[in-house]
Amino acid sequence: KAGVTQTPRYLIKTRGQQVTLSCSPISGHRSVSWYQQTPGQGLQFLFEYFSETQRNKGNFPGRFSGRQFSNSRSEMNVSTLELGDSALYLCASSSKSGDTQYFGPGTRLTVL
Amino acid sequence: AQSVTQLGSHVSVSEGALVLLRCNYSSSVPPYLFWYVQYPNQGLQLLLKYTTGATLVKGINGFEAEFKKSETSFHLTKPSAHMSDAAEYFCAVSDRSNYQLIWGAGTKLIIKP
Numbered sequence: 714k715a716g717v718t719q720t721p722r723y724l725i726k727t728r729g730q731q732v733t734l735s736c737s738p739i740s741g742h743r744s745v746s747w748y749q750q751t752p753g754q755g756l757q758f759l760f761e762y763f764s765e766t767q768r769n770k771g772n773f774p775g776r777f778s779g780r781q782f783s784n785s786r787s788e789m790n791v792s793t794l795e796l797g798d799s800a801l802y803l804c805a806s807s808s809k810s811g812d813t814q815y816f817g818p819g820t821r822l823t824v825l
Numbered sequence: 161a162q163s164v165t166q167l168g169s170h171v172s173v174s175e176g177a178l179v180l181l182r183c184n185y186s187s188s189v190p191p192y193l194f195w196y197v198q199y200p201n202q203g204l205q206l207l208l209k210y211t212t213g214a215t216l217v218k219g220i221n222g223f224e225a226e227f228k229k230s231e232t233s234f235h236l237t238k239p240s241a242h243m244s245d246a247a248e249y250f251c252a253v254s255d256r257s258n259y260q261l262i263w264g265a266g267t268k269l270i271i272k273p
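Going down the list, the protein sequences come from chains A and B.
Count along the first sequence from 1, then add 713; that gives the number in the numbering used here.
Count along the second sequence from 1, then add 160; that gives the number in the numbering used here.
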């Protein structure tokens, strides 16, 4: 089975721009979770989607949003980028909520 | 709220020596427990997990962890370190009600030749 894929792997944006990151889960997995990883804050949960519905949400501002499509692929969007949004964004999929999460390689976002 | 504490942001061991990475959680109800490993510029890979049953859990690459309820601990061990074990290791717990993963800060494992 192919693993979790994330595109793009690297992204450079400037402050004020917006960005969309994509995640394709393992085939058959319906739950997708997003995390932000930074040296200072570590791994922080952004949100989880299951069957196109947001099931859980972390403590991030409304500039961070996501969605899931009927094929379970997910996108997350960050609007009005700030320097502090520079991070590795990780996507993880599982067959259902609470099941083991499998991670993609991440998207490294740099905001200049 | 649940929290996870990993003792030591960096742990250095010699090749062939015992690896011990510590993880303590705060919960009165035993949660699900996980160890993940992250190699540079990669995502996280599951090493092992505890849900129920046997408290000694064996994982990939020769790692194992023991769930000790009385100590609220889930320490990760490997009898003999290998250079390829150099990576960052994360402990995580999952609340049995909402399944959200709460992460430790991570421990960088350094292997000395």
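In case anyone wonders, no lab produced these hints; they're calculated from the structure.
Where a beta carbon is used, it is the ideal one built from N, C-alpha and C, also for glycine.
Take these hints with a grain of salt, some might be off.
[Said to hold, decoys possible] Derived, one-sided and incomplete: chain B residues facing chain A with beta-carbon distance under 8 angstroms:
#1 Pro200
#2 Gln202
#3 Leu208
#4 Lys209
#5 Tyr210
#6 Thr212
#7 Thr215
#8 Phe250
#9 Leu261
- With a cut-off of 8 angstroms, does the beta carbon of Leu208(B) approach a beta carbon of chain A closely enough for the hint to hold? violated (10 angstroms)
- Message: Quick check on the hint: Tyr210(B) CB to chain A CB, less than 8 angstroms?
- Response: violated (11 angstroms)
- Item | Hint check: 8 angstroms Cβ-Cβ cutoff, Gln202(B) to chain A | holds (6 angstroms)
- Message: Using the nearest Cβ pair, does Lys209(B) come within less than 8 angstroms of chain A?
- Response: It holds, given that the least Cβ distance between Lys209(B) and chain A is near 6 angstroms, below 8 angstroms.
- With a cut-off of 8 angstroms on the beta carbons, see whether Pro200(B) makes it to chain A. violated (11 angstroms)
- Should the interface hint for Thr215(B) be scored as holding, given a Cβ-Cβ cut-off of 8 angstroms against chain A? violated (18 angstroms)
- Interface hint compliance - Leu261(B) to chain A, C-beta minimum distance less than 8 angstroms: Hint on Leu261(B): holds, closest Cβ of chain A at ~7 angstroms, below 8 angstroms.
- Item | Status of the Phe250(B) interface restraint (C-beta, 8 angstroms, chain A) | Hint holds; Phe250(B) Cβ to chain A Cβ min 7 angstroms, cut 8 angstroms.
- Message: Using the nearest Cβ pair, does Thr212(B) come within less than 8 angstroms of chain A?
- Response: violated (13 angstroms)
The structure fails to meet hints 1, 3, 5, 6, 7 from the earlier list, while all remaining hints are met.
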